[in-house]
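Whole structure, please, built from the sequences with the hints as guidance.
Quick note on numbering: the sequence shown equals residues 5 to 415 in the numbering used here.
No wet-lab data here; the hints were simulated from the structure. Incorrect hints may appear among the rest.
[As the list claims (entries may be wrong)] Calculated pairs, DSSO-like style, for lysine-lysine (alpha carbon to alpha carbon, straight line, at most 27 Å):
| no. | residue 1 | residue 2 |
| --- | --- | --- |
| 1 | K403 | K216 |
| 2 | K390 | K215 |
| 3 | K215 | K182 |
[Unchecked claim] Using C-beta positions, here's what the derived DEER-type ranges look like:
| no. | residue 1 | residue 2 | range |
| --- | --- | --- | --- |
| 4 | A90 | R36 | 15 to 25 Å |
| 5 | L30 | Y318 | 53 to 63 Å |
| 6 | N222 | S244 | 33 to 43 Å |
| 7 | Q157 | V266 | 52 to 62 Å |
| 8 | A179 | A39 | 50 to 60 Å |
| 9 | Q349 | P314 | 18 to 28 Å |
| 10 | F70 | P388 | 51 to 61 Å |
| 11 | A170 | L111 | 18 to 28 Å |
| 12 | T211 | G41 | 20 to 30 Å |
| 13 | H79 | A39 | 31 to 41 Å |
| 14 | Q311 | N101 | 50 to 60 Å |
| 15 | A175 | K336 | 12 to 22 Å |
| 16 | V102 | S244 | 35 to 45 Å |
Note that CB positions come from ideal geometry on N, CA and C, so glycine has one too.
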Amino acid sequence: MKNTNAFSSSTMATRLLAMVLFGTWLGVMLFRGAADGILVPFAWTEVGAIYILCGLPIAIFTWRTFGQKILQEPHAASVVLAISAALMIVFYLLFWNVVARDAPVELLTRAGMLTRIVAAIIAANGLVGACFVFIHAWFVSEDQERYQTSTTQWIFALLLLLLVPATYERARCQADAKTAFEYLSQSRLAEAAELLKHCAVLQSNGTFGGKKFDVMINELAREIEPLKLHLQSSLSPSASIGQRIERGTHLAILGRSDEAIVLLLPSAHSTEFAENNGHQLLGTLYQDRHDWDESLFHFHLAYEHWQNAPSSAYQQAGLLQALPGQALALRKLGRIEEAEATYQQLVQLAPSAENHFLLAQFYEDIQETSLATQHAQQAMLLSPAKFQTSGEALISKMKANHFGCFQLFRE
5 MKNTNAFSSS TMATRLLAMV LFGTWLGVML FRGAADGILV PFAWTEVGAI YILCGLPIAI
65 FTWRTFGQKI LQEPHAASVV LAISAALMIV FYLLFWNVVA RDAPVELLTR AGMLTRIVAA
125 IIAANGLVGA CFVFIHAWFV SEDQERYQTS TTQWIFALLL LLLVPATYER ARCQADAKTA
185 FEYLSQSRLA EAAELLKHCA VLQSNGTFGG KKFDVMINEL AREIEPLKLH LQSSLSPSAS
245 IGQRIERGTH LAILGRSDEA IVLLLPSAHS TEFAENNGHQ LLGTLYQDRH DWDESLFHFH
305 LAYEHWQNAP SSAYQQAGLL QALPGQALAL RKLGRIEEAE ATYQQLVQLA PSAENHFLLA
365 QFYEDIQETS LATQHAQQAM LLSPAKFQTS GEALISKMKA NHFGCFQLFR E
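If you want it as structure tokens, here you go:
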């Protein structure tokens, strides 16, 4: 009974301090995680949250194991609070850092999964320690057999921390790489580069389109830098529609969508605007804002303009720019049959590897695994250097997610 009395003598002030520590730490973590930049070594706030949550069982078992020794201290609650505060501060200072978006790739890829696991254990122990001040009966008891942690429990806790975050990381990187591929097809270089940087934080040796993340990021940086320099000069009030669209394009490439929309909308009613691909640009900008109705509206205007234009290579290029955006907007609006018809029209107009892969991704989204596999294989056949890796990854993902679809395995 001596040890439990020692801990129960903790004052209300100590418990209040534990509550303040817990709340302040969570608030500060969320505030920094939402800052403009890239979170290292977790890339995304939710990735860090998953690691910490999966580290809680290990932390609980740790406090159960050593709780009895701590309870023998004269000021047990203060000792626990000090340990908890130290762990939280260490995690915040060493493992919850936001770096600038233009930081070198080497800075983003210094830490790996092992670092994230260690960080999660530190943070989880800090959180559980703060809870220990309030509800120590969850961790220790005079009935030692009741709270004795078995080897099996330790193993399962460790497997939870190793497997669940790794699975989420892989799925998140696949989704982000897929989105980056769509951004690149729309010349949204800055947004694609940012997604790839987040992927590089989680998978330093990961690949995208057959290239390593770091190589692709450096290539995009070389393309983006001249555009930043060009935008430093102001646009003349008497600038032509073509010049406004060119500047809007540069703004869109750099991810400055709102500025581009404000610049372009006053000119959107003119024929010259459509002839200079202004509607395609506005459709893409509204994609970035997830305003799918407006995006579809402008892509449809672009399609109608080029559909009625005289047949030429320039006219076909306009159609090829309008159709993917129109199909994506239809898919996002839930108009699946219309989206499928639009993607098929795109492939018929230009059966390139890129378009086959876009159609494969669409079929994968709607769980048409056989058709998705067919078009992914066609993309790999037409351009193995660019789509072999991403095509195989798409097929492997479908096999893992739809293992009951025996038709896919037979193919």
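Structure-based check of all given hints:
1. At roughly 24 Å between alpha-carbon atoms, K403 and K216 fall within 27 Å of each other, so this suggested pair holds.
2. Simply put, K390 and K215 have alpha-carbon atoms about 8 Å apart, close enough for the 27 Å limit, and the pair holds.
3. A threshold of 27 Å between alpha carbons decides the hint, and for K215 with K182 the separation of about 14 Å falls inside it, so the pair holds.
4. Checked against the hint of 15 to 25 Å, the pair A90 and R36 passes, with Cβ atoms roughly 19 Å apart.
5. L30 and Y318 have their C-beta atoms about 56 Å apart, which keeps the hinted 53 to 63 Å range intact.
6. The supplied range of 33 to 43 Å is met by N222 and S244, whose beta-carbon atoms lie about 35 Å from each other.
7. A beta carbon spacing of about 58 Å between Q157 and V266 agrees with the range 52 to 62 Å that was offered as a hint.
8. The beta-carbon spacing between A179 and A39, approximately 23 Å, falls outside the hinted interval of 50 to 60 Å.
9. Between Q349 and P314 the Cβ separation comes to about 20 Å, which falls inside the hinted range of 18 to 28 Å.
10. For the hinted restraint 51 to 61 Å between F70 and P388, the CB-CB distance of approximately 56 Å keeps it satisfied.
11. Against the hinted window of 18 to 28 Å, the Cβ-Cβ separation of A170 and L111 comes to about 23 Å, which satisfies the hint.
12. Roughly 24 Å separates the CB atoms of T211 and G41, a value that falls within the hinted 20 to 30 Å.
13. Here the CB-CB span from H79 to A39 is close to 37 Å, well matched to the stated 31 to 41 Å.
14. A hinted range of 50 to 60 Å for the beta carbons of Q311 and N101 is consistent with their spacing of about 51 Å.
15. The beta-carbon spacing between A175 and K336, approximately 20 Å, falls within the hinted interval of 12 to 22 Å.
16. Take V102 and S244: their Cβ atoms lie about 41 Å apart, and the range 35 to 45 Å holds.
Checked against the numbered hints above, the structure breaks only hint 8 and satisfies the rest.
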